[in-house]
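Make the complex out of the two chains shown on their own, each in a separate frame, by following the hints.
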Amino acid sequence: MIIFKGTGIFGDIAFGILSIHQENFESVNKRKVSNVEEEIKRYYSAREKAIKEVRTLYEKALNDFGAAEAEIFAVHEMMIKDKDYENTILDIIREKKINAEYAVWNTSHKFSQIFSKMNDRYMNQRAADVRDISQRIINCLTGTKKLLHHQKDAAILSVQDLTPSDVSSLNRRKVAGLILSKGSEYSHAAIISKVLKIPAVVNLNKTIKPEYDGKKVIIDSFSGNIYIDPDEETEKRMLKKKEEADKRYELLKYLKGKENVTLDGRKVEIYANLNNPSEIEDILENDSGGIGLFRSEFLYMNRDSFPDEEEQFNIYKNIVQKMGDKRVIIRTLDIGSDKRLDYFNFPTEKNPALGYRGIRVCLDNPNIFITQLRAIYRASAFGNICIMFPMIISSDEVKYIKKYVEDIKKDLADSKINFSPDVPLGIMIETPAAAIISDELAEFVDFFSIGTNDLTQYTLAIDRQNSIVGKLSNPHHKAILRLIKMVVDNAHKMGKWVGICGELASDESLTELFLSMGVDELSVSPSSVLSIRKKVIETDTNKIRDYF
Amino acid sequence: MTGMKLRFQKSLPKLVIMEIFDFTINKENGIHARPAGKLVNEASKFQSNITVTVGTKSACAKGLFALMGLGIKNGDKVTIECEGPDESEAANALREFFQNNFSGNNIL
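Order-wise, the sequence lines are chains A and B.
Numbering-wise (the working numbering), the first sequence opens with residue 10 and increments by one.
Numbering-wise (the working numbering), the second sequence opens with residue 1258 and increments by one.
Misleading hints may appear alongside valid ones.
Below 20 Å or equal to it, Euclidean Cα-Cα: the simulated SDA-like pairs (lysine to any residue) are [said to hold, decoys possible]:
no.: 1; chain 1: A; residue 1: Lys335; chain 2: A; residue 2: Glu288
no.: 2; chain 1: B; residue 1: Lys1295; chain 2: A; residue 2: Arg64
no.: 3; chain 1: A; residue 1: Lys90; chain 2: B; residue 2: Lys1295
no.: 4; chain 1: A; residue 1: Lys92; chain 2: B; residue 2: Arg1291
no.: 5; chain 1: B; residue 1: Lys1330; chain 2: A; residue 2: Asn311
no.: 6; chain 1: B; residue 1: Lys1284; chain 2: A; residue 2: Arg312
no.: 7; chain 1: A; residue 1: Lys126; chain 2: B; residue 2: Gly1326
no.: 8; chain 1: B; residue 1: Lys1295; chain 2: A; residue 2: Ile60
no.: 9; chain 1: B; residue 1: Lys1330; chain 2: A; residue 2: Ser125
no.: 10; chain 1: A; residue 1: Lys90; chain 2: B; residue 2: Gln1304
no.: 11; chain 1: B; residue 1: Lys1284; chain 2: A; residue 2: Ala77
no.: 12; chain 1: B; residue 1: Lys1284; chain 2: A; residue 2: Asn327
no.: 13; chain 1: B; residue 1: Lys1295; chain 2: A; residue 2: Gly75
no.: 14; chain 1: B; residue 1: Lys1295; chain 2: A; residue 2: Glu68
no.: 15; chain 1: B; residue 1: Lys1330; chain 2: A; residue 2: Ala136
no.: 16; chain 1: A; residue 1: Lys92; chain 2: B; residue 2: Ser1301
no.: 17; chain 1: B; residue 1: Lys1295; chain 2: A; residue 2: Glu80
no.: 18; chain 1: B; residue 1: Lys1284; chain 2: A; residue 2: Phe322
no.: 19; chain 1: B; residue 1: Lys1284; chain 2: A; residue 2: Arg130
no.: 20; chain 1: A; residue 1: Lys331; chain 2: B; residue 2: Glu1285
no.: 21; chain 1: A; residue 1: Lys119; chain 2: B; residue 2: Lys1314
no.: 22; chain 1: A; residue 1: Lys90; chain 2: B; residue 2: Asn1298
Quick partial rundown of chain A residues pointing at chain B, CB under 8 Å, derived from the structure [to be verified]:
no.: 23; residue: Glu80
no.: 24; residue: Met88
no.: 25; residue: Lys92
no.: 26; residue: Tyr94
no.: 27; residue: Ile123
no.: 28; residue: Met127
no.: 29; residue: Asp129
no.: 30; residue: Met132
no.: 31; residue: Arg135
Treat the hints as calculated values from the structure; they're not laboratory data.
Think of the CB as a built atom: it goes at the ideal place given N, C-alpha and C, for glycine as much as any other residue.
Chain B with its partners taken away, still in its complex shape (with noise of 0.2 Å):
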């Protein structure tokens, strides 16, 4: 599920390495306009490229718009992924992110 991982980007015939983990969402109405900017800003404190996929969509962390146009919501499955200088550090920062916001602690 998570750590380092191979994989071919996308657009690109290339292997690169990247961190990638899956997170499950676990919140009552998925990953909304406030969810999103907090996710927005976690993700703009890192250099690296970081990217969140569920089913066939992706979009880039770092943009509001493009995130909430995800339309993410309680019980799908996204994927992150991190490219870049510092992305060990990104994915740990993020993976903490999703565990404290959208883990379902807090089910009421």
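This is chain A alone, in the form it adopts within the complex (with noise of 0.2 Å):
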């Protein structure tokens, strides 16, 4: 057995058998011709031949994979027509008296290396496109068809790169899995394996010989293991995998949009934590039924200086427009303790956690605070916003806040700017203070937002980064979970609605006992929506251990 390793693309397992494709683009016939003028017509024929072909090809992508992935085409009918690549190999034929096809492979040379020496791993790719509509200008001169001859079925083949040309023209249904020696994550073909799932490793750490071809192969997309002539054990552990694999995306099929409903008829909400705007896709793929802890640092983060009313407000909007009518609960600037600014003056500070963060910095920077929350009142006319308020220790504060918000409330009547009057106001519960008064917090609030690894720190007075002692911490030890308990019952009582964010909220062996308590969202990571989703659906709620 023989083992590669390169960087897997579309997690899955394919099985086959190793077809190997040599480049052949290195090699075309230069010979001198005696009448130019002929040489151009030709030229010019072939040209006008490569340009009907990618106009079917973007057709072809266009019902294939959609637009985005047949665009590719249509910047490749420009490249053939550009300029100064036909200048170039007008120029060549003219001055060297040479034939076309060594004139346009010389002009694919120089001007894939434009694109080969930019320090930008995006645009290394384009060389690829410039030798694929090089490669198709000169069969097009020469008359032959470079096609993936792959009649096998199941096969895995194994090429430098795949031009975009070479991926459309794949049989979808006899190519098991794609191996590219030289290509990235960037590249078209990786980009396509996606879209067609089709399980693909590419920049690989040795090449392939050619003498492998017609071997068994299994690639392993998930680790971007390549296995050739693999022994029985690793085939046996590929189809173990395979198969968890496959029930994996049959269940996620399965689960998306279903509801979040135990066997007994309870019903929780499934929200997902949002680190940065890029996630949310994944937020929305994965079926969450909104965003329950919306982290705002991001905003203030990797900068020089605060960000402004006007940058926060398009962001927010931005993203609950992308939300539609779900729920965006944005947690107001927690920074303090181990997440520090550049340019914001933190005191020294014998033990940060319990210091100046969260709100606290908040309160005592009211122009902070003002900013950022007419910037989501702002945004709140745009979608279904709730606020909330990290570090809260007291009524005190709550109201302190509550006063703040009723002023930017009145500012933006009275300067007639849009917002929704009835922004759920809500508050993290992350201290035991908080957790032990929630029955009077509950009074001044819509909701509470646990927040598990802060309580869990502060209440088992265990510093989670101390390696000495962080082996101690039990997010499971009954103190935290008779306190969520409590929070749950108190907010209940006053018929407000609680959630958990925090890494409790996607530990399943918790989530039967969360539904048992009531609490009405639960917010994990994008990712764990569906196999919270699982859980919750096979929970039975009257058969539930005990776990006081």
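This is the structure we're talking about:
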């Protein structure tokens, strides 16, 4: 057995026969021509033919893959028609009195180097596009067709890189997997492999020798491993992994669109946490019911000054619009402790976890707080926003916050700026103090969200980043579970809803307990939404063991 | 920043009148293949010479390879010069084109 390692694209396992394709682009015949004008005519007729071909490919790709992937062939047409490219080819034919094939090949080399030398991985991949269009013109000149000749079923193709044209000529029923020894995760082939759900491994650590052609091969695009001539044990292991993968994809397909309801009819909302805007696609793709914890810190990180109201407003607006009528719970800035900003002077503290952080910083710096709240309220006109405040320990803080909120609402109304007047306001329950007085706090807010990571560290007095005591931390500690129950009961007594964000929300061993307590919402990472849904659907809260 | 300006052309030591404006690119991948293609289409509608400059590199906006070769990235400031019979129409159209395609309205 020989093992190769690369980067896996689209997690799956493929079994098949290795079919190796040699690049023949490097060999183009060079010959002198006597009639230069005749050669130029040959070039132009090949160019016309190539343009027709890419137009056909565009139509085909549009049908097979969709507009975004088809677009590359529109770019190919423009590349073929590019004046600089054309003139370079004509100059070579004229000056060197040489055949058109060679002139195209030479030009291709020159132009592809522009891209392969650029310091940008995306642009490097465009060198493949130049070679693709040039090969197409050469084929039109010589009348040959370069086809991927994989006649066998379940072929696993191994090539240096696939051009977009190669990919669109693939027979999807015959190709089980792709190995691109050079390509990167930014190449078209890699992107299309994801769209078509063909497992691929790209960017290998060593070259696959031609003598491996026809051998049995397994590719694991979860790990990026390729096994040529796999031994029995590996084959068994991979079959099992394939079975599990199939089950998971089936499950996800089956779970999408389902309600989060237990066998005995209890419903729960499953939302996702958002750390930065790039996660929004994932959040929607995994069928999240909303955003349960919008960590607004990304707006403030990696820059040299505070974001202004306009900038914040645009970002909030954009995200809530993408979420449609789904709830987006924005947590106001939670800096301090381990999260610091380069442009804000934090005091030196002996114990920052118990120090200047969260709402304490905001209430102490009204400008930061008001700017953020105004931006959120303005965005509330465009979707379903809730606001929650971190690190609360007293109802005075909540009253104080609500005064700010009332002022901001009045200001916006006076300036005739649109906003939603009934944005639900909630607080994080992450200090034992807030949990213990949650009966009192429930009077002043619309909802609670229990932040289990901090609640655990403050309740157990264990710093989870301290390697000496960190291992003593037990989020299943009775004290934590009892506090959570207390908070849920106190909220429900006042008719308020409770969510859990933080790691415990995605802990499947506690899902049934949370359901039996009557937790209204769980906010987890986007990739956990559907597995928690599965757990919910299988739970009967009448049959719950005793946790206390 | 924008408007009619007098400028020395780089190669010729004579004064020419042209339309010129600056624009800061606010788009995740900068001007890569597809947006470059759109820009070429837009620029090709006009007779004027249209030049895009970033840093010390310039290219004709009607040439796809030349434009892509500039490697314009997110955050780069580009200068667009239009010179010719329809330069003010070209400058207006391109200003709008850059606004619509590279102004970061779509932050996601």
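Going through the hints against the structure:
Simply put, A/Lys335 and A/Glu288 have alpha-carbon atoms about 16 Å apart, close enough for the 20 Å limit, and the pair holds. For the hint linking B/Lys1295 to A/Arg64, the alpha-carbon distance of about 17 Å falls within 20 Å, and the restraint holds. Straight-line distance between C-alpha atoms of A/Lys90 and B/Lys1295 comes to about 14 Å, which keeps the hinted pair within the 20 Å bound. Proposed proximity of A/Lys92 and B/Arg1291 is supported: the alpha carbons are some 18 Å apart, at most 20 Å.
A C-alpha spacing of about 18 Å is found between B/Lys1330 and A/Asn311, which places the hinted pair at or below 20 Å, so the restraint holds. Between B/Lys1284 and A/Arg312 the CA atoms are separated by roughly 17 Å; this keeps the pair inside 20 Å, and the hint holds. A hinted pair counts as satisfied when its Cα atoms are at most 20 Å apart, and A/Lys126 with B/Gly1326 qualifies at roughly 10 Å. Note on B/Lys1295 and A/Ile60: the hinted pairing holds, with a Cα-Cα distance of about 18 Å set against a maximum of 20 Å.
Taking the CA atoms of B/Lys1330 and A/Ser125, the gap is near 16 Å; set against the 20 Å cutoff, the hint holds. A hinted pair counts as satisfied when its Cα atoms are at most 20 Å apart, and A/Lys90 with B/Gln1304 qualifies at roughly 18 Å. Between B/Lys1284 and A/Ala77 the alpha-carbon distance is near 17 Å, which keeps this suggested pair within the 20 Å criterion. Of the pairs offered as hints, the one joining B/Lys1284 and A/Asn327 holds, with about 15 Å between alpha carbons and a cut-off of 20 Å not exceeded.
The hinted pair formed by B/Lys1295 and A/Gly75 meets the criterion: a straight-line CA distance of about 18 Å does not exceed 20 Å. This hinted pair checks out: B/Lys1295 and A/Glu68 have alpha carbons roughly 19 Å apart, not beyond 20 Å. Between B/Lys1330 and A/Ala136 the CA atoms are separated by roughly 18 Å; this keeps the pair inside 20 Å, and the hint holds. A C-alpha spacing of about 12 Å is found between A/Lys92 and B/Ser1301, which places the hinted pair at or below 20 Å, so the restraint holds.
With a CA separation close to 11 Å, the supplied pair B/Lys1295 and A/Glu80 stays within the 20 Å bound. Proposed proximity of B/Lys1284 and A/Phe322 is supported: the alpha carbons are some 18 Å apart, at most 20 Å. A distance of roughly 17 Å separates the Cα atoms of B/Lys1284 and A/Arg130; the hinted pair therefore holds under the 20 Å criterion. Between the alpha carbons of A/Lys331 and B/Glu1285 the distance comes to roughly 18 Å, so the proposed pair stays at or under 20 Å and holds.
Pair hint A/Lys119 plus B/Lys1314 holds up; C-alpha atoms about 18 Å apart against a cutoff of 20 Å. Proximity of A/Lys90 to B/Asn1298 is assessed by CA-CA distance (about 12 Å); at most 20 Å being required, the pair is judged to hold. Interface hint at A/Glu80: satisfied, since its Cβ lies 5 Å from the closest Cβ of chain B, which is below the 8 Å cut-off. Because the closest C-beta pair between A/Met88 and chain B is about 6 Å apart, less than 8 Å, the hint holds.
The beta carbon of A/Lys92 comes within 6 Å of a beta carbon in chain B, closer than 8 Å, and the hint placing it at the interface holds. With its C-beta approaching chain B no nearer than about 6 Å, A/Tyr94 sits inside the 8 Å limit, and its interface hint holds. With 8 Å as the threshold, the beta carbon of A/Ile123 comes within range of chain B, its nearest partner Cβ sitting at about 5 Å, so the hint holds. Against a cut-off of 8 Å between C-beta atoms, the interface hint on A/Met127 holds, since the closest Cβ of chain B lies about 5 Å away.
Look at A/Asp129: its Cβ gets to within about 6 Å of chain B, closer than 8 Å, so that hint holds up. Given hint, A/Met132 at the interface with chain B, holds; its Cβ is 6 Å from that chain's nearest Cβ, closer than 8 Å. Look at A/Arg135: its Cβ gets to within about 6 Å of chain B, closer than 8 Å, so that hint holds up.
Going down the numbered hints, you'll see the structure goes against none, and every one checks out.
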